[in-house]
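Residue numbers (full-length UniProt numbering), protein chains in the order written: chain A, 1 to 288; chain R, 1 to 322.
Because the hints were derived from the structure by calculation, they are not lab data. All values reported here derive from a predicted model rather than from experimental measurement. Heads up, the beta-carbon is just placed ideally off N, CA and C, and yes, glycines get one too. Be a bit skeptical, because a hint or two may be false.
Pairwise CB distance ranges, derived in the manner of DEER restraints [claimed, not checked]:
# : chain 1 : residue 1 : chain 2 : residue 2 : range
1 : A       : Val271    : R       : Leu48     : 48 to 54 Å
2 : R       : Tyr83     : A       : Thr120    : 31 to 37 Å
3 : R       : Ile171    : A       : Phe87     : 45 to 51 Å
4 : A       : Val98     : R       : Ala105    : 37 to 43 Å
5 : A       : Phe87     : R       : Asn227    : 22 to 28 Å
6 : A       : Ala31     : R       : Leu94     : 35 to 41 Å
7 : R       : Met71     : A       : Lys206    : 20 to 26 Å
8 : R       : Asp260    : A       : Ser264    : 43 to 49 Å
9 : R       : Ala35     : A       : Ser264    : 47 to 53 Å
Output of the computed footprint for chain A on chain R, the stretches with three or more beta carbons under 8 Å from beta carbons of chain A [what the hints assert, rightly or not]:
#  : region
10 : 38-50
11 : 55-67
If you want the building blocks of each chain, they are given just below.
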Amino acid sequence: MRLALPLRKKRVNRSAMGTFWLFVFLAIVGAFMALPLVYAINAAFKPLDEIFLFPPTLFVRHPTFDNFIDLKTLLGQSWVPFTRYIFNTVFITGVGVVGHVLLASAAAYPLAKHRFPGKTVIFTIVVLSLMFAVQVTAIPNYMVMSWIGLIDTYWAVIVPAFAFPLGLYLMKQFMEQIPDALLESAKIDGANEYRIFWQIVMPNVKPAWLTLIILLFQLLWGTDGNGFIYSEQLKTLHYASNQIILGGIARAGVGSAVALILMSVPITLFVFSQSRIIETMATSGMKD
Amino acid sequence: MPNVTITKDRPGTAAGKTEPRASSWRALKLREIRAHKHSYFLMMPYMLLFALFTVLPVLMSLIISFTYFNMLEFPRFIGWQNYSRLFLEDDVFLIALKNTILFAAITGPISYLACFVFAWIINDMRPKLRAFMTLVFYAPSISGNVFFLWQLIFSGDRYGIANGFLIKMGIILEPILWLKTEQYILPIIILVQLWLSLGTGFLAFIAGLQTVDKTLYEAGAVDGIKNRWQELWFITLPSMKPQLMFGAVIQLTASLAVADVSIFLAGFPSVNYAAETIVTHLIDFGTIRFEMGFASAIATVLFILMVGTNLAVQRLLRRVGE
């Protein structure tokens with residue numbers, strides 16, 4: 001068919017065979033990606049005799065809530081009430097996320113929309129900081145924190161998260177697309193910089209908020225506070241669940257139940273914010 | 001440097017001044033800074049913390065790496081000794097360096113390609129299906145360190161999925177101690193690392209693909225682009241170069257920082273250091289042996305490796321399509 005008329009616009013330059021093989025490929029890799037999570041979901045509902053069945057099965061046959069009941073019993077025996085671990089993680093995540101969104105947005109606005117001495121240097125340093133992992137600075141970080149007395153408090157995890165560079169970077173890139181005319185007209189109406197930031201810029205970057213929220217959430221939800229928090233009553237949910245999982249083979253079922261609970265929270269969050277996050281990521285590109 | 005360009009951009013403000021050149025430049029600078037004081041105020045809280053927890057530590061690490069420091073006594077300057085010991089005497093570091101580079105050379109490019117290829121395939125789908133597939137691929141990296149699930153899969157007894165499956169198929173007769181056998185440790189960690197790697201870069205690519213101007217494809221079809229591969233090469237890739245560069249930074253940095261997966265799956269230290277990486281080596285000296293000077297030297301090497309590779313890749317990608 002040499003008809004140049006693209007009747008169905010979506011199918012321009014698409015061969016059916018190519019589409020078929022690409023989908024086969026996608027399905028295989030998709031199954032690999034989903035396998036461990038599917039396994040965990042099933043294992044969480046398996047009774048003990050099914051967990052240690054040979055040959056092992058992927059899907060549960062007689063689902064029970066035994067593992068969750070065991071988990072509840074196990075939690076009742078912990079030295080620190082388990083709700084305390086939950087509170088710790090929720091507190092760290094909540095404060096960290098809110099603080100980061102506020103501070104990073106405030107810093108991103110001038111970087112995106114104003115021209116002032118030092119701007120290029122500052123932004124270059126921020127981009128450079130995306131290029132190395134946090135482990136590089138772990139030791140001096142500990143020293144800095146002990147100087148200002150953050151060790152063994154929630155703040156040892158929260159305060160560095162405020163200054164997470166990726167959040168600032170994404171926020172700044174997203175803010176650049178706010179039309180200058182909008183800010184100019186606000187200025188003519190007599191609004192000062194702080195009001196422009198709070199009443200014009202912030203409402204316009206809501207998709208980016210969600211992105212920063214989910215990135216920070218991911219970072220803080222999974223933190224075990226290892227190395228910075230020593231008091232048992234300040235430790236996080238992730239630390240507590242690690243202790244359960246480290247029980248090894250005897251805790252295989254309970255471990256899966258914990259995994260299921262731990263991962264369901266960020267995944268749910270992502271499901272509800274996916275389209276906003278994609279919108280933010282569209283501006284993430286690095287220009288020269 | 002950038003300050004000079006800014007003054008050049010605004011010759012109008014300088015024109016009024018009749019003072020000698022040098023001092024007028026400074027006066028101008030000061031006036032400019034004062035005019036933007038609100039900008040500085042807005043940035044201050046973030047930048048203070050950023051300086052305290054990112055910039056200062058990098059500099060401190062560099063300085064400490066030239067000292068002997070055990071956290072109890074005052075650091076003692078010892079010149080290049082830490083570095084010479086690191087490269088000439090520490091066999092384990094060389095294993096760690098080899099493993100890190102091996103990990104990065106395999107997981108870096110593969111995960112980068114995977115991020116792009118899957119984003120590209122997914123992009124052709126209907127919105128509902130696209131959202132679902134995005135979730136399937138992104139879920140592992142978002143679900144908060146649940147990679148211990150792989151421990152259940154590669155469990156060393158016959159109840160582990162991998163062993164059970166292979167025994168039932170008759171390929172092996174006895175269960176394999178996957179995570180305790182040197183030759184299997186590295187591939188398994190690479191596998192898990194790849195599983196975790198469709199993260200921020202993947203999302204950036206999905207977003208980038210959606211922003212490519214649709215009319216370009218129609219114009220391309222008229223201009224004689226015959227199939228999806230040509231379309232990919234001539235239209236899609238050049239249109240999303242900024243996202244490609246951003247994704248490269250994210251994937252590369254992650255691929256050089258392998259540690260958690262290694263420690264959790266292979267143990268710490270792993271069998272015959274088969275899973276030792278620069279980061280686990282750093283953790284060893286920094287949090288167990290308290291040789292902070294030596295650990296800082298490791299951190300500095302890691303810093304140079306990461307930033308150097310990233311800058312090189314950025315330069316390479318910038319040239320694509322020119």
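Status of each hint after checking the structure:
Between Val271(A) and Leu48(R), the C-beta spacing of about 36 Å breaks the proposed range 48 to 54 Å. Against the hinted window of 31 to 37 Å, the Cβ-Cβ separation of Tyr83(R) and Thr120(A) comes to about 32 Å, which satisfies the hint. Distance hint check: the CB atoms of Ile171(R) and Phe87(A) are about 49 Å apart, consistent with the given range 45 to 51 Å. A beta carbon spacing of about 40 Å between Val98(A) and Ala105(R) agrees with the range 37 to 43 Å that was offered as a hint.
Hint check: Phe87(A) to Asn227(R), Cβ distance near 57 Å, so the stated range 22 to 28 Å is violated. Checking the proposed 35 to 41 Å range against Ala31(A) and Leu94(R) shows it holds: the Cβ atoms sit about 38 Å from each other. The given range of 20 to 26 Å is broken by Met71(R) and Lys206(A), whose C-beta atoms sit roughly 45 Å from each other. Take Asp260(R) and Ser264(A): their Cβ atoms lie about 21 Å apart, and the range 43 to 49 Å is violated.
For Ala35(R) and Ser264(A), the Cβ-Cβ distance of about 51 Å falls inside the hinted range of 47 to 53 Å, so the restraint holds. With a cut-off of 8 Å between beta carbons, the region 38-50 of chain R has 10 residues touching chain A; three or more are needed, and the interface restraint holds. Evaluation of the coverage hint for the region 55-67 of chain R: fulfilled, as 7 residues show C-beta separations to chain A shorter than 8 Å, against a requirement of three.
Hints 1, 5, 7, 8 from the list above are not met by this structure, while the remaining hints are.
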